[in-house]
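Protein chains: 2
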Amino acid sequence: MKLAIDEARKGFGFVAPNPPVGCVILDANGDLLAKGFHRIFGGDHAEIDALKQIQNENDLKGATIYVTLEPCAHEGKTPSCAKRLALLPIKKVVYGLRDPNPLVNGKGAEILRSAGILVEQDEALKTELEELIEIFTFVIENKRPFVALKVATSLDGQMAHVSGESKWITGETAREYSHFLRAQYDAVLIGKETFLRDNPTLDIRHPLFVGKKNSVVVLDTNGEIVEQISRSNLCRHRDATEVFVAISDKLNLSTDAATLLHCKVGRDGKIDIVDLLGQLFSHNVQSIYVEGGAGVLSSFLQSSCAQRFYQFIAPQIIGAKSGINYSKNVSIAELPNRRELRNPKTIGMGRDILITGRLD
Amino acid sequence: MKLAIDEARKGFGFVAPNPPVGCVILDANGDLLAKGFHRIFGGDHAEIDALKQIQNENDLKGATIYVTLEPCAHEGKTPSCAKRLALLPIKKVVYGLRDPNPLVNGKGAEILRSAGILVEQDEALKTELEELIEIFTFVIENKRPFVALKVATSLDGQMAHVSGESKWITGETAREYSHFLRAQYDAVLIGKETFLRDNPTLDIRHPLFVGKKNSVVVLDTNGEIVEQISRSNLCRHRDATEVFVAISDKLNLSTDAATLLHCKVGRDGKIDIVDLLGQLFSHNVQSIYVEGGAGVLSSFLQSSCAQRFYQFIAPQIIGAKSGINYSKNVSIAELPNRRELRNPKTIGMGRDILITGRLD
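So the protein lines, in turn, are chains A and B.
Residue 932 in our numbering sits at position 127 of the first sequence; the count goes up by one each step and never skips.
Residue 1034 in our numbering sits at position 229 of the second sequence; the count goes up by one each step and never skips.
For the record, the hints were derived by calculation from the structure and aren't laboratory data.
Being a predicted model, the structure only gives us computed values, none of them experimental.
Heads up, some of the hints might be wrong.
All copies of an identical chain are treated as equivalent in the list; a pair is satisfied when it fits inside any one copy or across any two copies.
Straight-line alpha carbon distances no greater than 35 Å define the calculated DSBU-like cross-link-like pairs of lysine-lysine that follow [unchecked claim]:
#  : residue 1 : residue 2
1  : Lys-1069  : Lys-888
2  : Lys-972   : Lys-931
3  : Lys-882   : Lys-807
4  : Lys-840   : Lys-882
5  : Lys-1126  : Lys-1055
6  : Lys-896   : Lys-912
7  : Lys-948   : Lys-1126
8  : Lys-1075  : Lys-1126
9  : Lys-931   : Lys-1018
10 : Lys-857   : Lys-972
11 : Lys-1150  : Lys-931
12 : Lys-1126  : Lys-972
13 : Lys-1150  : Lys-807
14 : Lys-1150  : Lys-972
So here's chain A without its partners, still in its complex pose (with noise of 0.2 Å):
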């Protein structure tokens, strides 16, 4: 399951809204035939990718098949995985998690025990396998999208001096594998200020995903960035579609350079994020990355709005008198309020470090 999981992972990026998906077939004999995982949406399912490396079918007698999700029951893009597999000489399908989509949930599994195909079910790793598709889970879920925030501090929590300066706090393989999670999200989320500062891309600049192109959504209560947005490096190599500015819905203001979202505004002037996601959602934006600025990241700190959460922190002291800390508008009443990340796993950067885990 683990070398499933390690298949699945290698879709990352490129198979959204589907799940990523890791396939492993043993012989009889116990030893490995196959391997495949989900490459592209609307290519083969995982299990089809690892039968498509198996020469002759007599070598399934008696196989094994390990897929981190429940072979799939319906017809969509592609056949029906466990209608496929129902038609091998195979012994016993070990599956990961049960499929969320109630569209397949147990059914795939019902089909390949009526098949008389052995059927388990294998959750020793359920935390990997939740987090491979915990988008995927989230979605079918909740109908909004999944949100990630990220950060780059030093050790006191400090993302940029007071001066705005925060080139670079962390290394190149912290920042490269930045672009990497961007690769992950349907849109990255800045705010106006940040736009106004670095006039960034925000594009993915990762070896895996060379023109790959995501959406970019910038929170603009009072629209001051509509005006100029056409001239900026966010709408370069993008089409309105794929660019959307948070307004305030009292606002009458449009544009042809971006799609302009006529948002709640909150009492504290803020755009309302429920509602943004609910806007978003419709644009078919599934999840978001947030990168910042400080004000961003705390209002969606104190919301109830985000679930994942990524810290790369580089060993350095930047000092929170000269800093910006990315919590500065987070307040809790007592200790025991503090938010704790629920699963959280440290990943070595170079000299730097990711700190990830869930918000909610």
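Add chain B to chain A, keeping to what the hints say.
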């Protein structure tokens, strides 16, 4: 050498002011004959500890001795190790670092060579070797105490809630390890506010160091705690020679319960750290573990008087608006002036992590 380093670490907290040293002896075939370490101040050096496991001196024919530090040349509390090794039928001695002690530096190796023994230096694990004896080396070279700063924080760098509440940000594993670290230092240092708020004992609560006593230092410019310190937990199990209170040299106070250090005071109204460290050194305090609060940590971070930094980080967010950052008074003019940790290391501590590195 890796094995010898692991041996040396077993002496952590027991051998100061000596350096921890480890030794491994391989026979002529390269098989392990014995290993040993410097167990306690005044006791056998690592080489002798290892040799005691050898029943028959003939086993040492053609043997190689690995030792993390150059064998000593001088007679101190124990005879010279180099002279003892020179009498053995061994083939080779491989040592890690040259002894920074001018009484040894190179002379140990010379004694061995003169006896016809091959001598090699192996610095492949230089950083680990240097870290083993960093306090020893620093004190010999600088004639002032080695200072480590320790803080436990959330991801956003907060060491406490504004209410002062900080129990507990990190989990049990991290807290136990912090007691292990306390045992490596001669004294624990805190500010007056921490003293008044927590009335801490600052003793060593760790299974390896039951009954070990350490000194404490409290910074108290205006001498506000002098009258009450005799009734504090700090003084409960300590003599007056083990409790230091640093007060302004303008004050004329006295107490039987503690040793008052009359220190210069800076324009900021704070104890002059250089003066304080000099006075502590003359009281034979060679290493100091600074535990807070935020004002004290900030002062040491702004100075150039701290050599090592330990930050335990819990995967949680407290919010900068409702928290206290340990670097609250630290300020830099621009980003390139930030303090970078040298040789940073990340160690898992249950749900938390420890990041440590050199500040100088």
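We went through each hint and held it up to the structure:
| no. | hint | in the structure |
| --- | --- | --- |
| 1 | Lys-1069 - Lys-888 | neither (47 Å within a copy, 83 Å between copies) |
| 2 | Lys-972 - Lys-931 | between (38 Å within a copy, 32 Å between copies) |
| 3 | Lys-882 - Lys-807 | within (27 Å within a copy, 56 Å between copies) |
| 4 | Lys-840 - Lys-882 | within (22 Å within a copy, 65 Å between copies) |
| 5 | Lys-1126 - Lys-1055 | between (37 Å within a copy, 30 Å between copies) |
| 6 | Lys-896 - Lys-912 | within (19 Å within a copy, 72 Å between copies) |
| 7 | Lys-948 - Lys-1126 | between (42 Å within a copy, 32 Å between copies) |
| 8 | Lys-1075 - Lys-1126 | both (26 Å within a copy, 18 Å between copies) |
| 9 | Lys-931 - Lys-1018 | within (32 Å within a copy, 46 Å between copies) |
| 10 | Lys-857 - Lys-972 | neither (47 Å within a copy, 57 Å between copies) |
| 11 | Lys-1150 - Lys-931 | both (15 Å within a copy, 29 Å between copies) |
| 12 | Lys-1126 - Lys-972 | both (19 Å within a copy, 25 Å between copies) |
| 13 | Lys-1150 - Lys-807 | both (17 Å within a copy, 28 Å between copies) |
| 14 | Lys-1150 - Lys-972 | both (25 Å within a copy, 23 Å between copies) |
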